[in-house]
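Engineer: Here is how the chains run, residue by residue.
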Amino acid sequence: MKILVAVKRVIDYNVQIRVKEDSSGVVTDNVKMSTNPPDDNAIEEAVKIKEAGKATEIVAITVGEEKAQETVRKALAVGADKGIHVKTGGVLEPLAVSKIIQKIVEKEKPDLVFMGKQAIDDDCNQTGQMLSALLNWPQATFASKIKVKDNTLEVTREIDEGLETVEINIPAIVTCDLRLNEPRYASLPNIMKAKKKPIEEINVSDLGIDITPRVQQLKVEEPPKRKAGIKVANVAELVQKLKNEAKVI
Amino acid sequence: MAVLLIAEHNNKELRPFTLNAATAASQIDAEVHAVIIGQNSESAAKKLSELPVVKKVISIEAPHYENFTAENFAPAIVKLAENYSHIVCSANTFGKNLMPRVAAHLDTSQVSDIIKVISPDTFLRPIYAGNAFATVKTNDAKKCVTIRPTSFEPCESSGGTATIEKGEAGEEFTNTKFIKREEIKSDRPELGTARIVVSGGRGMQSGDNFKLITEVADKLGAAIGASRAAVDAGYISNDHQVGQTGKVVVPDLYIAIGISGAIQHLAGMKESKVIVAINKDGEAPIFSVADYGLEADLFEALPQFMEELNKLNTIQK
Numbered sequence: 001m002k003i004l005v006a007v008k009r010v011i012d013y014n015v016q017i018r019v020k021e022d023s024s025g026v027v028t029d030n031v032k033m034s035t036n037p038p039d040d041n042a043i044e045e046a047v048k049i050k051e052a053g054k055a056t057e058i059v060a061i062t063v064g065e066e067k068a069q070e071t072v073r074k075a076l077a078v079g080a081d082k083g084i085h086v087k088t089g090g091v092l093e094p095l096a097v098s099k100i101i102q103k104i105v106e107k108e109k110p111d112l113v114f115m116g117k118q119a120i121d122d123d124c125n126q127t128g129q130m131l132s133a134l135l136n137w138p139q140a141t142f143a144s145k146i147k148v149k150d151n152t153l154e155v156t157r158e159i160d161e162g163l164e165t166v167e168i169n170i171p172a173i174v175t176c177d178l179r180l181n182e183p184r185y186a187s188l189p190n191i192m193k194a195k196k197k198p199i200e201e202i203n204v205s206d207l208g209i210d211i212t213p214r215v216q217q218l219k220v221e222e223p224p225k226r227k228a229g230i231k232v233a234n235v236a237e238l239v240q241k242l243k244n245e246a247k248v249i
Numbered sequence: 001m002a003v004l005l006i007a008e009h010n011n012k013e014l015r016p017f018t019l020n021a022a023t024a025a026s027q028i029d030a031e032v033h034a035v036i037i038g039q040n041s042e043s044a045a046k047k048l049s050e051l052p053v054v055k056k057v058i059s060i061e062a063p064h065y066e067n068f069t070a071e072n073f074a075p076a077i078v079k080l081a082e083n084y085s086h087i088v089c090s091a092n093t094f095g096k097n098l099m100p101r102v103a104a105h106l107d108t109s110q111v112s113d114i115i116k117v118i119s120p121d122t123f124l125r126p127i128y129a130g131n132a133f134a135t136v137k138t139n140d141a142k143k144c145v146t147i148r149p150t151s152f153e154p155c156e157s158s159g160g161t162a163t164i165e166k167g168e169a170g171e172e173f174t175n176t177k178f179i180k181r182e183e184i185k186s187d188r189p190e191l192g193t194a195r196i197v198v199s200g201g202r203g204m205q206s207g208d209n210f211k212l213i214t215e216v217a218d219k220l221g222a223a224i225g226a227s228r229a230a231v232d233a234g235y236i237s238n239d240h241q242v243g244q245t246g247k248v249v250v251p252d253l254y255i256a257i258g259i260s261g262a263i264q265h266l267a268g269m270k271e272s273k274v275i276v277a278i279n280k281d282g283e284a285p286i287f288s289v290a291d292y293g294l295e296a297d298l299f300e301a302l303p304q305f306m307e308e309l310n311k312l313n314t315i316q317k
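Going line by line, the protein sequences match chains L and V.
Numbered by this note's numbering, the letters in the first sequence go through residues 1 to 249 in order.
Numbered by this note's numbering, the letters in the second sequence go through residues 1 to 317 in order.
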């Protein structure tokens, strides 16, 4: 079984986001970038499945500018066998990314595609579901547990009401929740070894698809700031303030 | 052209956020039609027809719609889409799972999780866990939009008399099989719509200690929330998680207990009207958004908090 895992390079989750003064976006220059956190869970799960002898090959793919390749290199360091970097510049919408991955799926013929359930930059939560639609494959979104069976996966999904379990036939798409597993760190020897693993570079223009953005970002602003509050001295004062000042209890 | 609202329901009743999504839909265009897809869902369809903002209901029923599988729902919605300019539903796990599948079939770039309708093609949406707001304009002819339910008031739920039309069911998608749903039942208010939310974080130290939170929540008639750290540690189930990848809540009162206030958590609660933070670390980032901060050991503060609440003659519920 072959697993394709999609990874995205985003501003690191610990970075305090700053909006550009000209309202054209957020500051990304000299800002720490990392792999989108739930994409790390997606890689980890694929590696665990391979370690359990249920997968034979893991291919990590990213779509984006030159530096996006760092995320593929990291995936190789934690256990992916081969990388693919589809090179593009400019704005990429989830619909465009899913069309790009669809092309790669047709070429690589994986049995499963894993990715994070949402990217922490645009917070869209779309790409996996869109890819499933384009391929007409089953989708198990927001996965917190995956059981690999013969030709199916049993996936536990986190939903607003609690948990849902579905069984999906392979080939299939799974989008991963942060609770799926605990991503490992790459060891230094494995980082060195990963440098020798192959990364295939593909120019998006060679895929023959239209990735022109459909949604214009007119402006990006800071959200309204909350006014600073006060510290209360003790519990009695807190309850008195809630009752008589805020009038919420 | 009219707007198509996708109703969320449990085959008996509408899920509450359908009312918020209906409000958002009506802000895009006054002509709102609603589709309800399910099995034996007549009573929910009836309730949908009673929403005054809904002008027409399309009810589609088949056994394979019983469990709301996106792979089954999407083709049925796509078939209806030609008559509509917009397709709208909530950006909760139901809508997040379903809408992109619809959008991709329609070759439309979806606009996710909007918090404001600026015009029929322009919307405001948070990005980067709510640390920036983007104004976006979609140029697609068909617009697929998911709305953040807590940013729109629920619509009136009675007085409407929309007609209910039967829609045609699509084929079953046989590669996905629903196995089970484990819903956590509770007599407490729903987290997404509660007036008061009491949340615990890593500082609670154990699942057992969450009973201190439960007591306060019971006293206040509040829902119980949690940070991701508390859910990851197994103190409480995932349906309680508030934050960027959990639920977004906007209660009148949010009480954060033993929660440090990572930006991912703040993304889910910082629009609350009044925020209280109880934490022993005076430098915790939660205090930067709190209206009332109490720097204290929660294991001392919570019993005192109960005591003080018990002294009050009345508590708003």
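A few of these clues could be false.
What the hints assert, rightly or not - Below, simulated BS3-like cross-link-like pairs (lysine-lysine); rule was C-alpha separation at most 25 Å, straight line:
id, chain 1, residue 1, chain 2, residue 2
1, L, K149, V, K55
2, L, K67, L, K145
3, V, K55, V, K142
4, V, K142, L, K54
5, V, K55, L, K241
6, L, K149, L, K87
7, V, K180, L, K145
As the list claims (entries may be wrong) - Label-pair restraints from in silico Cβ distances:
id, chain 1, residue 1, chain 2, residue 2, range
8, L, S24, V, K273, 26 to 34 Å
9, L, K247, V, E13, 31 to 39 Å
10, L, D111, V, P303, 31 to 39 Å
11, L, K247, V, N83, 45 to 53 Å
12, V, S119, L, P223, 17 to 25 Å
13, V, S186, L, P213, 57 to 65 Å
14, L, K107, V, E31, 28 to 36 Å
15, L, P223, V, N10, 51 to 59 Å
As the list claims (entries may be wrong) - Beyond 12 Å from chain V on every Cβ pair, some chain L residues (computed):
id, residue
16, I17
17, A140
18, R157
19, I191
20, A236
Keep in mind that the hints were calculated from the coordinates and are not lab data.
From the three backbone atoms N, C-alpha and C, an ideal C-beta is built for every residue, glycine too.
Engineer: With reference to the structure, classify each hint as holding or not holding.
Structural biologist: Evaluated hints:
1. K149(L) x K55(V): 47 Å, violated
2. K67(L) x K145(L): The given pair, whose Cα atoms are some 31 Å apart, is violated under the 25 Å limit.
3. K55(V) x K142(V): 20 Å, holds
4. K142(V) x K54(L): 42 Å, violated
5. K55(V) x K241(L): 46 Å, violated
6. K149(L) x K87(L): 35 Å, violated
7. K180(V) x K145(L): 14 Å, holds
8. S24(L) x K273(V): 26 to 34 Å: 32 Å, holds
9. K247(L) x E13(V): 31 to 39 Å: Given a distance of about 32 Å, which is inside 31 to 39 Å, the answer is holds.
10. D111(L) x P303(V): 31 to 39 Å: 55 Å, violated
11. K247(L) x N83(V): 45 to 53 Å: The hinted range 45 to 53 Å holds for K247(L) and N83(V), with Cβ atoms some 48 Å apart.
12. S119(V) x P223(L): 17 to 25 Å: Check passed, 21 Å falls within 17 to 25 Å.
13. S186(V) x P213(L): 57 to 65 Å: 43 Å, violated
14. K107(L) x E31(V): 28 to 36 Å: Between K107(L) and E31(V), where Cβ atoms are some 45 Å apart, the hint is violated.
15. P223(L) x N10(V): 51 to 59 Å: At 34 Å between Cβs, range violated.
16. I17: 4 Å, violated
17. A140: Check fails; 8 Å does not lie beyond 12 Å.
18. R157: 8 Å, violated
19. I191: Answer for I191(L): holds, closest chain V Cβ roughly 27 Å.
20. A236: Its Cβ does come within 12 Å of chain V, the nearest being 6 Å, so this is violated.
Hints 1, 2, 4, 5, 6, 10, 13, 14, 15, 16, 17, 18 and 20, counting from the list given before, are not met by this structure.
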